Each structure stands twice: as structure tokens, then as C-alpha cells.
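Asker: Letter by letter, the chains look like this.
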Amino acid sequence: MASAGPSRRRSDGRKPHEIRPMTIEIGELDRADGSGRFGFGSTSALASCSGPLEVRLNKELPTRATLEISHRPLEGVGATPSRALITTLESIYPSALRLSLYPRSLIQIIVQSLSSSSAPTSSTRRYNESPEIYIDTEPETTERNIWPQPPTQSALPVDKKEKSPNTSYSFSLRAVSINSATLAILDAGSIAMTHLPMAISIALLSNNDGLVVDPTTEEEYNSRARFGFAWSFGKNVSLKEKEKDSSNHMDVDKEEGEEMELIWAESEGNFDKEKFSDALELSKIACRQILSEIRAKLGETLESKRLQ
Amino acid sequence: MVREIDPPSIQKEFLLAALAEGKRLDGRLPLEQRKIEFVFGEELGNVECRLGKTAVLAQVTASIVKPREDRPYEGFLLINSEIGPMASSVYENGRSSDSEILITRLLEKSIRRTEAIDREALCILAGEKVWQLRLTLHFLSDSGNLLDCASLASMMALKHFRKPDVEVIGDEVIIHSPEERAPVPLAIHHTPLCLTFAYFENLSPILDPTHLESTLCSGTLTVTMNAQREICVLSKAGGTPLSVEEIMGVVRVGVDKVRDMVKIMDEALEKDRENRVVEVR
Numbered sequence: 001m002a003s004a005g006p007s008r009r010r011s012d013g014r015k016p017h018e019i020r021p022m023t024i025e026i027g028e029l030d031r032a033d034g035s036g037r038f039g040f041g042s043t044s045a046l047a048s049c050s051g052p053l054e055v056r057l058n059k060e061l062p063t064r065a066t067l068e069i070s071h072r073p074l075e076g077v078g079a080t081p082s083r084a085l086i087t088t089l090e091s092i093y094p095s096a097l098r099l100s101l102y103p104r105s106l107i108q109i110i111v112q113s114l115s116s117s118s119a120p121t122s123s124t125r126r127y128n129e130s131p132e133i134y135i136d137t138e139p140e141t142t143e144r145n146i147w148p149q150p151p152t153q154s155a156l157p158v159d160k161k162e163k164s165p166n167t168s169y170s171f172s173l174r175a176v177s178i179n180s181a182t183l184a185i186l187d188a189g190s191i192a193m194t195h196l197p198m199a200i201s202i203a204l205l206s207n208n209d210g211l212v213v214d215p216t217t218e219e220e221y222n223s224r225a226r227f228g229f230a231w232s233f234g235k236n237v238s239l240k241e242k243e244k245d246s247s248n249h250m251d252v253d254k255e256e257g258e259e260m261e262l263i264w265a266e267s268e269g270n271f272d273k274e275k276f277s278d279a280l281e282l283s284k285i286a287c288r289q290i291l292s293e294i295r296a297k298l299g300e301t302l303e304s305k306r307l308q
Numbered sequence: 001m002v003r004e005i006d007p008p009s010i011q012k013e014f015l016l017a018a019l020a021e022g023k024r025l026d027g028r029l030p031l032e033q034r035k036i037e038f039v040f041g042e043e044l045g046n047v048e049c050r051l052g053k054t055a056v057l058a059q060v061t062a063s064i065v066k067p068r069e070d071r072p073y074e075g076f077l078l079i080n081s082e083i084g085p086m087a088s089s090v091y092e093n094g095r096s097s098d099s100e101i102l103i104t105r106l107l108e109k110s111i112r113r114t115e116a117i118d119r120e121a122l123c124i125l126a127g128e129k130v131w132q133l134r135l136t137l138h139f140l141s142d143s144g145n146l147l148d149c150a151s152l153a154s155m156m157a158l159k160h161f162r163k164p165d166v167e168v169i170g171d172e173v174i175i176h177s178p179e180e181r182a183p184v185p186l187a188i189h190h191t192p193l194c195l196t197f198a199y200f201e202n203l204s205p206i207l208d209p210t211h212l213e214s215t216l217c218s219g220t221l222t223v224t225m226n227a228q229r230e231i232c233v234l235s236k237a238g239g240t241p242l243s244v245e246e247i248m249g250v251v252r253v254g255v256d257k258v259r260d261m262v263k264i265m266d267e268a269l270e271k272d273r274e275n276r277v278v279e280v281r
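Each protein sequence line maps, in turn, to chains A and B. Its first residue numbered 1, the first sequence is counted upward by one per residue in full-length UniProt numbering. Its first residue numbered 1, the second sequence is counted upward by one per residue in full-length UniProt numbering.
To be clear, the hints were calculated from the coordinates, so they are not data collected in a lab. Only a predicted model underlies this, so the values are computations on that prediction, with no experimental measurement involved. Note that beta-carbon positions come from the ideal geometry of N, C-alpha and C, so glycine has one too. Wrong hints could be hidden among the right ones.
Claimed, not checked - With a Cα cut of at most 20 angstroms, we get these calculated SDA-like pairs of lysine to any residue:
#1 B:K12 x B:E213
#2 B:K53 x A:E28
#3 B:K53 x A:T301
#4 B:K53 x A:E25
#5 B:K35 x A:D30
#6 A:K59 x B:N93
Claimed, not checked - To give an idea of the chain B side of the interface with chain A (calculated C-beta under 8 angstroms), a few residues:
#7 E42
#8 K53
#9 T61
#10 P85
#11 A87
#12 S89
#13 T136
#14 S141
Next comes chain B alone, as it looks inside the complex:
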């Protein structure tokens, strides 16, 4: 069992003193995110997302299964998000810590429960065959703010993924290989993205805390929003109490940030599309 060592108090004092002056240790502005980078794999639906030094790899696969009896028109979206010791030695295999559960649940809420993916569009033959999407997240490096990075990676992988084209003739289903027909993208309603703010006593909030900042902060607030200015999830687990104005303040900041993030995602996708030989719709 590896315990995390608390940062030395001199480091804490330095960080707080710098924050009081509106400066962060990595030179960012208080409401500035780390640099977002996407690395696409060879396959469609394989994306590695980096937020500074935090890295999450997302992989989407699809299979055909029988739908539930009570929901014959709905496909499935499964999210596997187990944090292994690669991210950091504090996470153990097969033993989920509190922070891991929190991340998993928030991801579930912000991707599955916000209906980002049109699950009815995954239906092939009502009551018989539907697509089951499996989103596997691999947390490679936890340098703070794993959740935001994971939500970016997940949405990007889902946007990047293409499922094979299917044809239904009567009761017969023909699945076309990528060589025969260009695979089709998923029906995505909106792009909910998580934004995490960290709060320190008597200081204004900071966006995208690093590992050190999140260990020292007095509380965090995560908002999941989309580019349509909708708040999908608002999560605040403990920490300093906040007033309505304070929360509305970060939400206003978040709207612009999410728009920028979606723009970065679209640009990266466009760039990847140009590099691909296979026809991608």
C-alpha cells in the first residue's frame, strides 16, 4: 500500500503566496488550462489525450448484442474506467480508492447520463440486434485533473470512432467491411466536457489544477458543460462552501472554455481526417 507523502510546508507556502499574487507555479493564468494534445492511433476510436503531463488513452470498440427486453430500440454504451498503478502508485489494481470511484461516477454521469450518444441510433433490428459500444479508458499518467482529461479523451474517441455500415433486408442484417462501404460515425447529440476548478481559502478559483495544486487546495468544483451553454453536471464533493455568485462566475468562465475545447477537438479531428487514407465520413 503506497501512501502519498504530503508536500512539504515550504512548498505549500510558496504556492499559496504565488497564487495570492495571481501566479501559478507553471506560469499559467488562474483560469488557463494546460495544453491539450491529441494523439490518434492507427485505428478509428483510439485516442490518447494529454492535458499537460496528465495522459489518458481512450479506446472505443463496437459489438452486436441483443437489446434489453424493456428497451428494444436502445443500444448500449459501456464505460470501463479502472485506474491502474501506471497513473500513479497510489492507485492499486483491483482495489478502487475514493478518488477513483468519484472519477468513474462523474464520467458515467457526464457521458452516459447526459445522453451524449444517441443510443436509439445504435439500434439495428428492434428487439434483436443493437450495437454495444465499449469505451475503455486507460489512465496513463495522473499529473492532476484526471477527470477533465478523461472526459476529453472519451468524447474525442467517440467522435473519432466509426462503426461499420449495416444493411437490413427484411430480417437479414448485412455488415459491410470498411473496404466495401465507408464506416459511419456515431450520432452524437452534444459534447459534454468536464471542467474542474480548485478553490483555496480567500483566493479566487483556478482552472485545471495540477497534482500539487489539487493536493493542497481546500476543495474542488467540477462542472460538465456543452458548447450550447448547458450545465450537464455540477459536482462539488465537500470543501469550502461557495456562494451562488461564485458558482455562476465559474460557470460563465466555463462556457467560453468549453467552446474553445470543442474547437480544438474539431481541428484535431479535421487534421487527422486529412492524414487518413481510408475514406472517413
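If we strip away everything but chain A, and leave its shape as in the complex, we get:
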């Protein structure tokens, strides 16, 4: 964690462990039970949650609610990255929601990406030296001709061989999707939750600049390794607590009397165990910060509703 001094600044003027300004909007969609918009800077997502609803007979489960999670990318139709994101969300939310309370019903969560998965076109980014790369009339490679141009393998510097193919969204996009889904469920208020999942992305910059919290798309593409973590906040969620009941457990937020438990961890790239545990520690702090922001915003929203 200490590899990057706190005095160093990133290209957008942030400190290494600083999160971009968060946008949190709750309950803007009229026809969904709950909705939330969450963004780190310009990376944002909108989610809606409805339920418990009437369920289609072939999807009905006798002991618990059917959870239906769908995602829509900003451009075109959902492909592999979209599916991967749904799988991530499907691994998080069934445990966060008390589905067994609503048997034979349907709970829908829809996440809409609001920022494209393509590379930033701002002037800060050094654009491709050879723009001709994406002039290609072969019909089978038409995806590469999209403008704004998505980052392609060929566009990357040659020394970054560890880069995985572009089959998934950036970690920051995945993190905002998780956070917006949590907001939507919170806003709906019709589904009991056991804990609140909050996610953050962390990148290990390639030029030995150390770990940065909430990397921009540009930083993520120039990084050596990328991590995504989601922590869940709630009472009695920590596994540690059950082992040593009365003794002081480590992950308790003293002020809230709440615990946190790691619920999602994904990483790619080249890193060692030390870096991973550093990133894990950083993510804890960041997620706490997100939670307190969300809590403040939710309090405001509820307050304004009461006045009406």
C-alpha cells in the first residue's frame, strides 16, 4: 500500500487512494419499484428493481423467490461481457436478499450501463498513433470499426502481453453496476436484505506507480493488474463472528456495530500475493466510504419523501 506515496498525483489530479466524485441518485424511475443511479465520475450505471411480482409458471420456485437479473449495455445488444457481468451479479445478490421470504414470486433487477465500454476520447488520452487500424472492410471484423473506437488488442503497446482479451467490462463499470443495483433494491424497500454489497475497482499501474483506487478507463487500460472487490455490510454477516462470539472481531465497524464480509473478488493481470492483500485492504476503506455516502444520500431522500 505504501508503494505509492500519498503526495503523488494521478493524471486527473486525484491522490492514489482517492475515489472520483460519486453521483448517487435514488428513485428517479417512475414505473419501477425502486431505482438507483450510481457513478464514479463519468462511469455510471442505472439500475431498477421490481418485486415481488407475479412469476411465470415455469420459473416459479416453491421455496423461494425467482431472482431475475438482466443487463443492457449502452450500445448494441448484450454479448459475452454483458453475460459475465450478470454472472457476477448473480453470485452476489441471492445471498444479499432474503429470497426465501417470498416464495413463488419474481424479483427483477435490471442494470443499464450508462457509459460505453469504449476507450475515452478525451484529449488526455493519447489516441492511436495509427488511426488506420480500424479501417477494415472485412465484414467479420465490423466490431472493430465502431466509433468511438473500443480499445482493441492491436491498439495496446506491445509490452503488455499479459492483457486479457476484451471479453469483459472494465472493473469500474462492474463496480458501478453492483452499487447501482444495491441502490435500486434499497430504494424499492420491498425486499428484505441481509447485507448491503458495495463494490470498488483497484488497479495496479504498470510503471511501478503502485495501487490506485477507482481507476479511470485510461488507467485501467494502462495497468498491470486490475481488481474488483465487493464488501457486504450488515449485522451477523461475518463468518468470523460465529467462531469467536464474545471476543473482539476484526472487521467490526465500531461506530455502527456492523460487520463487513468480502462478497466478490475478481482480478486479472500480473500481481503477487502482497499486492493482492494490499488491494484488499484498500478496498475495505473505499467501500466504507461509499457506504457512508450512500447512507447520507438515502437519508436525504427519505427525509424529502417524508415532507411531501
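Once you've looked at the hints, dock chain B against the given chain A.
Answerer: Quick look at chain B alone, frame taken from chain A:
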């Protein structure tokens, strides 16, 4: 499968009684639209349009493809408009309801078939390379009159979008990145916009029905018009029969409304242009 529950009869009676007095539940005049708002995204061609509580997000992207053999000078405009359950639980993923098909087809008619976009201007190299525009619509919230909102969002996104500048030297095509040369706007012939009127028995028509109004009305009429006083599409699918005078009446109203809407669009675009750092032509 989520079915929509019919509104209670007391609500229906109240709404009809109010309409008979020329009042609407949200305080609008019979021929008044809800407030139009545009939120521009960071990228050019990304616009969220709000019509009251109805919201549609439109995104335009461009790619280079080979034109059709029989139309070597024409580019493509593809419209993706699938309504997902975010708009309302009655819409399902991958299963299109009747109203969804109607909206998709009318959008197709009012944007593609009216030749709002000059498709020949999308040609780069005849028979070899043309631009393919993809307009993706995301229906965020269906609070009535999705179609009008979607047509506004689509036209706005197309007006807001800029394609990269291209240079043709012989057979070689050079695409300039936005940093090198300012991207160019699309060639737009006119701005067709949809206006939906709802009819109730023995009452004068109302413009821009809300969700409740459109569930209770006896029929709707959609006219697509442009600021040049041209009727592009007139669609009336079922409902109460209308006389020629009645239709001409709403068309006359529509002319002024469309002009106002185009003005609102231009003002919003102008405001956005001032806020952008990147040079926009």
C-alpha cells in the same frame, strides 16, 4: 408474466369528470405537453430525453461497413429499440408485446422511412465503404407516451452525434481522430417528431397522454410531422372513428407543437455546445 391491473373505476370516473371540465389530473391543459428535458452524456450522440416522468436514452454509434451491392452510394441507419422490463414490468426481455411492436414500427417509419438522415451522405467510397449508424434506444421509464419521447430522443441523439472526419485520397481512406480534426455532424434533412393524441368518448382530444390516460382512453392517434408543416406518418390503430375535421384539427395543433419542440431541441443543443471543450461544428 406480469399483467397490468386495470385502474379502479373511481379513478376512471374522476379522470373523465375532470376531462369533461377541460382539466387534467396533472394540471396540464388538454393540448399541453409535459416538460421536455434533455440530459447529454459525455460522448457525442448520447442523449437522455425526459417527457415528464417518461424517460428514453438514445445512443448513436458509427462504424464503417461495405454497402449493399444494389445501393453502392447509401449508408445504413439501424434502429435498435427493444423495450426491457426497466420501463415497466409488463415488458419482458426477449418477448415483444403488441405495444412494443407498434412503437418499434412507428419509430422505424418516422425516422428511417422519412429519410430524416441523408443516407447518401454516409457514403465514403462508392461500393466499398459507407458509414453504418446504429441508434440504440433504451426505454428507462414508461410513464405514458413512450413513442413521442423515443422520437425526440432519437432525433436529438442524431443531431448531437458527430462522425469522425474522413479523407479520401484515391482508393485510400484516412479517418481522422477527434483530436486531429473536428468530427462532422450528420446531414439531416428534417426533424420528424411524433405527437400522440388520446381520444375519449364525446370529449376533445388530449396531447401527450400519461400512463393512466392512455390506459383509459378509447383510442390514440399519432402524427409524425416536421417543422416544415409536412405530415410524415399518420397512424391510428383502432379506437373511436374520427372525422376529417377532427384529424385536421389535431394536425393544425401539431404544426405549432412540433415547431416549439424543434426550438427546444435547438436551444438544448446550443447550450450543450457551449459547455463542451472539444471543438464541435
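Asker: Please go over all the hints and tell whether each is borne out by the structure.
Answerer: Verification of the supplied hints:
Among the hinted pairs, K12 (chain B) with E213 (chain B) is consistent with the structure: their alpha-carbon atoms are about 9 angstroms apart, no more than 20 angstroms. As the CA atoms of K53 (chain B) and E28 (chain A) are separated by approximately 8 angstroms, the hinted pair is consistent with the 20 angstroms bound. For the given pair, K53 (chain B) sits about 18 angstroms from T301 (chain A) by alpha-carbon distance, which is consistent with the 20 angstroms threshold. Distance check on the hinted pair: K53 (chain B) and E25 (chain A) sit about 15 angstroms apart at the alpha-carbon level, within 20 angstroms; holds.
The straight-line distance between the Cα atoms of K35 (chain B) and D30 (chain A) is roughly 15 angstroms, inside the 20 angstroms bound, and the hint therefore holds. At most 20 angstroms may separate the alpha-carbon atoms for a hinted pair to count; K59 (chain A) and N93 (chain B) meet this at roughly 14 angstroms. For E42 (chain B), the suggested interface contact is upheld, since its CB lies about 5 angstroms from the closest CB of chain A, less than 8 angstroms. Satisfaction of the interface hint for K53 (chain B) is found here, the shortest Cβ-Cβ separation to chain A being roughly 4 angstroms, below the 8 angstroms cut-off.
Hint on T61 (chain B) holds. Least Cβ distance to chain A is approximately 5 angstroms, under the 8 angstroms limit. At a threshold of 8 angstroms, the smallest CB-CB gap from P85 (chain B) to chain A is about 5 angstroms, leaving the interface hint in force. Interface hint status for A87 (chain B): upheld, as the beta-carbon distance to the closest one in chain A is roughly 6 angstroms, under 8 angstroms. For S89 (chain B), the suggested interface contact is upheld, since its CB lies about 5 angstroms from the closest CB of chain A, less than 8 angstroms.
Taking 8 angstroms as the C-beta contact cut-off toward chain A, the hint placing T136 (chain B) at the interface holds, the least distance being around 5 angstroms. Residue-level restraint check for S141 (chain B) holds (minimum Cβ-Cβ distance to chain A is 4 angstroms; threshold 8 angstroms).
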